[in-house]
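Asker: Start counting the sequence shown at -11; every next residue gets the next number (my numbering).
It is possible that some hints are incorrect.
[To be verified] Once the Cα atoms are required to be at most 20 Å apart in a straight line, the calculated EDC-like pairs of lysine to aspartate or glutamate come out as: (1) Lys42 - Asp3; (2) Lys39 - Glu26; (3) Lys39 - Asp70; (4) Lys42 - Glu15; (5) Lys39 - Asp49; (6) Lys42 - Asp70; (7) Lys39 - Glu22; (8) Lys42 - Asp(-1); (9) Lys39 - Asp3; (10) Lys42 - Glu88.
To be clear, the hints were calculated from the coordinates, so they are not data collected in a lab.
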Amino acid sequence: MATYQPDGGWDALGDPTRRAIVACLAEQPRAVGELARELPISRPAVSQHLKVLKDAGLVVDRQVGTRRVYRLNPAGVAALRDQLDTFWHRALDGYQDVVEQQTTEEDS
């Protein structure tokens, strides 16, 4: 099973095609051919993008007959969400500090 790479997930999602693949996989697990039918790129290109996503720990695959079926890796996606939540909370804390500082200055 692939493990999440701390910076790899954000780097991998920097490409719009990989974001489209992640969006497709969020709906349901799919094989390379199924993804290629939904995207304006070739099967080899889909495979290359899936490798990047897999190396980043955002997708995992399993053998089903002669096909490999890809799905989102819940641990990798959860790690990204945790990072995003951290950014969000820091931004809110910073905003609160600014508002409190302005209130204190107005009261003085």
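Asker: The structure should be examined with respect to each hint, and the outcome stated for every one.
Answerer: Quick rundown of the hints versus the structure:
At most 20 Å may separate the alpha-carbon atoms for a hinted pair to count; Lys42 and Asp3 meet this at roughly 14 Å. Restraint check for Lys39 and Glu26: satisfied, since their Cα atoms lie roughly 18 Å apart, inside the 20 Å limit. Of the pairs offered as hints, the one joining Lys39 and Asp70 is violated, with about 23 Å between alpha carbons and a cut-off of 20 Å exceeded. Proposed proximity of Lys42 and Glu15 is supported: the alpha carbons are some 17 Å apart, at most 20 Å.
Distance restraint check for Lys39 and Asp49: the Cα-Cα separation of roughly 10 Å lies within the 20 Å cut-off, and the hinted pair is therefore satisfied. Distance restraint check for Lys42 and Asp70: the Cα-Cα separation of roughly 19 Å lies within the 20 Å cut-off, and the hinted pair is therefore satisfied. For the given pair, Lys39 sits about 16 Å from Glu22 by alpha-carbon distance, which is consistent with the 20 Å threshold. Distance check on the hinted pair: Lys42 and Asp(-1) sit about 12 Å apart at the alpha-carbon level, within 20 Å; holds.
For a cut-off of 20 Å, the pair hint linking Lys39 to Asp3 stands: about 13 Å separates their Cα positions. This hinted pair does not check out: Lys42 and Glu88 have alpha carbons roughly 44 Å apart, beyond 20 Å.
Checked against the numbered hints given earlier, the structure breaks hints 3 and 10 and satisfies all the rest.
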